[in-house]
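Protein chains: 2
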Amino acid sequence: MQTQSESMANNTAKSGDLKKIFAPYRDDLKHYEQHFSEVMRSDIKLVDQVAKYIVKHKGKQFRPLLLMVSARAISEPTAATYTTAAVVELLHTATLVHDDVLDNSELRRGFKTIHKIWKNKIAILMGDYLLAKSLIAATETGSLRIMNTIATVAKRLIQGEIFEIQKTRNLDLNEKDYFRLIGDKTASLISACCELGALTVNATEAQCQAMKDFGENLGLAFQIKDDLLDYESSSGILGKPALADVQDKKVTLPLLYAFASADEKERKQISSMIKKGASKKDTHYILDFVKSQEGIEKARAKAYEIKDKAIESISILPESEARTSLENLAEFVLNRTK
Amino acid sequence: MQTQSESMANNTAKSGDLKKIFAPYRDDLKHYEQHFSEVMRSDIKLVDQVAKYIVKHKGKQFRPLLLMVSARAISEPTAATYTTAAVVELLHTATLVHDDVLDNSELRRGFKTIHKIWKNKIAILMGDYLLAKSLIAATETGSLRIMNTIATVAKRLIQGEIFEIQKTRNLDLNEKDYFRLIGDKTASLISACCELGALTVNATEAQCQAMKDFGENLGLAFQIKDDLLDYESSSGILGKPALADVQDKKVTLPLLYAFASADEKERKQISSMIKKGASKKDTHYILDFVKSQEGIEKARAKAYEIKDKAIESISILPESEARTSLENLAEFVLNRTK
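As they're listed, the protein sequences go chains A and B. The opening position of the first sequence corresponds to residue 314 in my numbering, with each subsequent residue numbered one higher. The opening position of the second sequence corresponds to residue 314 in my numbering, with each subsequent residue numbered one higher.
Okay, chain A solo, but in the shape it has when bound:
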């Protein structure tokens, strides 16, 4: 957890980098955004109202951009590329609308969440609606493989969330579970974006597989870094130990690696701290424990290893501006400080 000013400064730096990486694809973004707005239109007033609010307060469009750059790393985008970019954003938005209900979040991107304005009923139904819309848009491509990829990634996203609740309730996550969890919750959609980009430009099977592998590893590296930030920012100059994840009873890779080299007694002691809800003193203790066992370094090394694998997998593609953008993206994902 960071102080607000820290977080804002980092945010600027971060979106600056991302903006730079995605700058050459401004026209693609425009093209896609027009399509997305059209897809979101509805003749049912209430649906249209909520949809317009979502379009107005949209995010960085990371997923559609990733999809379009992935397509460009192979060939010129097609109509299906833009359609599919809208499909992944619809799916992503559906999950965010429901997530905000599940977590009872007040704000999303600095604006009131759907359920805070229109109540839970409408938010749940709008999430369902966006999920269905995403799949209808996917059928427009006329490709069963694209449809199946989208439906499967929707399933992975959702089962990832359920798996996380199950594991958080029981606090019995191991390394294998952790990778399955972040694979389903985060890497699945990132991987699908890359694979779908390739599929929409008639890539070869080897190219599709390369893009899929790149995306899966990019997503894993991204999530490990996210989990690392919880430990890294807690040890910063201004930072007080926060370990928000630990306080949410979430066990992530730095702690898992620390557990692996600790003795049974220590593991049990820390597990019970987390189970009963860690106090401020406990979180200090846990952070020191993770550091002493080199959990942060080990998790960081793993993230770099996975990032290298991501970059390696797209080395079979011809050199291009888009391939370089993907490589820069992989580096950015680990270098970010927020």
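Don't take each hint at face value.
What the hints assert, rightly or not - Between beta-carbon pairs, the in silico distance windows are:
| id | chain 1 | residue 1 | chain 2 | residue 2 | range |
| --- | --- | --- | --- | --- | --- |
| 1 | B | Glu488 | A | Lys333 | 53 to 61 Å |
| 2 | B | Thr391 | A | Gln522 | 31 to 39 Å |
| 3 | B | Leu647 | A | Leu342 | 52 to 60 Å |
| 4 | A | Lys562 | B | Lys589 | 45 to 53 Å |
| 5 | A | Thr517 | B | Asp330 | 41 to 49 Å |
| 6 | B | Leu647 | A | Glu389 | 54 to 62 Å |
Since the hints were derived computationally from the structure, they do not count as laboratory data. The beta-carbon is built from N, C-alpha and C at its ideal position, and this holds for glycine as well.
Assemble chain B onto chain A, guided by the hints.
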């Protein structure tokens, strides 16, 4: 609204009739149920647990049965018939799980609802999961048309619910809105079952259209009857005027038809009664008003007209046991007393 003993007696009569209609398809049902249980399996413990609970407390399987009978009205069912029967039940179940959250219902088919046992988070996620599963199962058929039909019906079901909330909030429903609402909320899935049944046995385009029309009209007749029951049962021997729909601020066909032949002043008076929440005295008054304007008879006549249209549309199919079952089903839908 009916007394409990009335309702139970009717229920026995009703399910007796439905059971009789569907009796010849017991083997199809078995075949489908086995497939459905397999589809519901998950290697994530919590998902599997909830899924098993759903399978254990399943309903009458009206939709999969309708789909299988529709297929048989044209030809022998195929593997795709059973797969698609599971697809529609998955979709239907997804909407029920979310509906129970939206309405905060305690019981479904006499058993505790998912969100009462596992809390809202899991219920919302399980609904999402079943929706995604439904679409993955649809891709198994390898038919883009089946996929698109399912995704579109999912959208219609959901937008129907949002439209209902919008119209209930504003209380400005007209006859056209009413038919759109019940078309989306009820007829869409019934129609899809009939059309999908035909699609899975390689029916001709004319046969698919006939089945689709049959289903749409069957669904409309079903819902009008449902709305009629609210008025019919309120005037029964034991019944006190209840008009549960009016109390929920829902305007249905009998009232709309009564409005159409009443003068402006009377319409406004009744609208304001409903808006502010009808008292017991108000519901008496509204029931008398609907009766005096022949709203119940007119809605009943409309339901019969639609039912006749349903039966007419499948007259192009060759005579068969299955076609007769569909005809009996259409009659049953209007003759039921609950």
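Status of the hints after comparison with the structure:
1. B/Glu488 <-> A/Lys333: 53 to 61 Å: Hint holds: Cβ distance 57 Å, inside 53 to 61 Å.
2. B/Thr391 <-> A/Gln522: 31 to 39 Å: The hinted range 31 to 39 Å holds for B/Thr391 and A/Gln522, with Cβ atoms some 32 Å apart.
3. B/Leu647 <-> A/Leu342: 52 to 60 Å: Between B/Leu647 and A/Leu342, where Cβ atoms are some 55 Å apart, the hint holds.
4. A/Lys562 <-> B/Lys589: 45 to 53 Å: 47 Å, holds
5. A/Thr517 <-> B/Asp330: 41 to 49 Å: Since the Cβ atoms of A/Thr517 and B/Asp330 sit about 58 Å apart, the hinted range of 41 to 49 Å is violated.
6. B/Leu647 <-> A/Glu389: 54 to 62 Å: 58 Å, holds
Checked against the numbered hints listed earlier, the structure breaks hint 5 alone; every other hint is satisfied.
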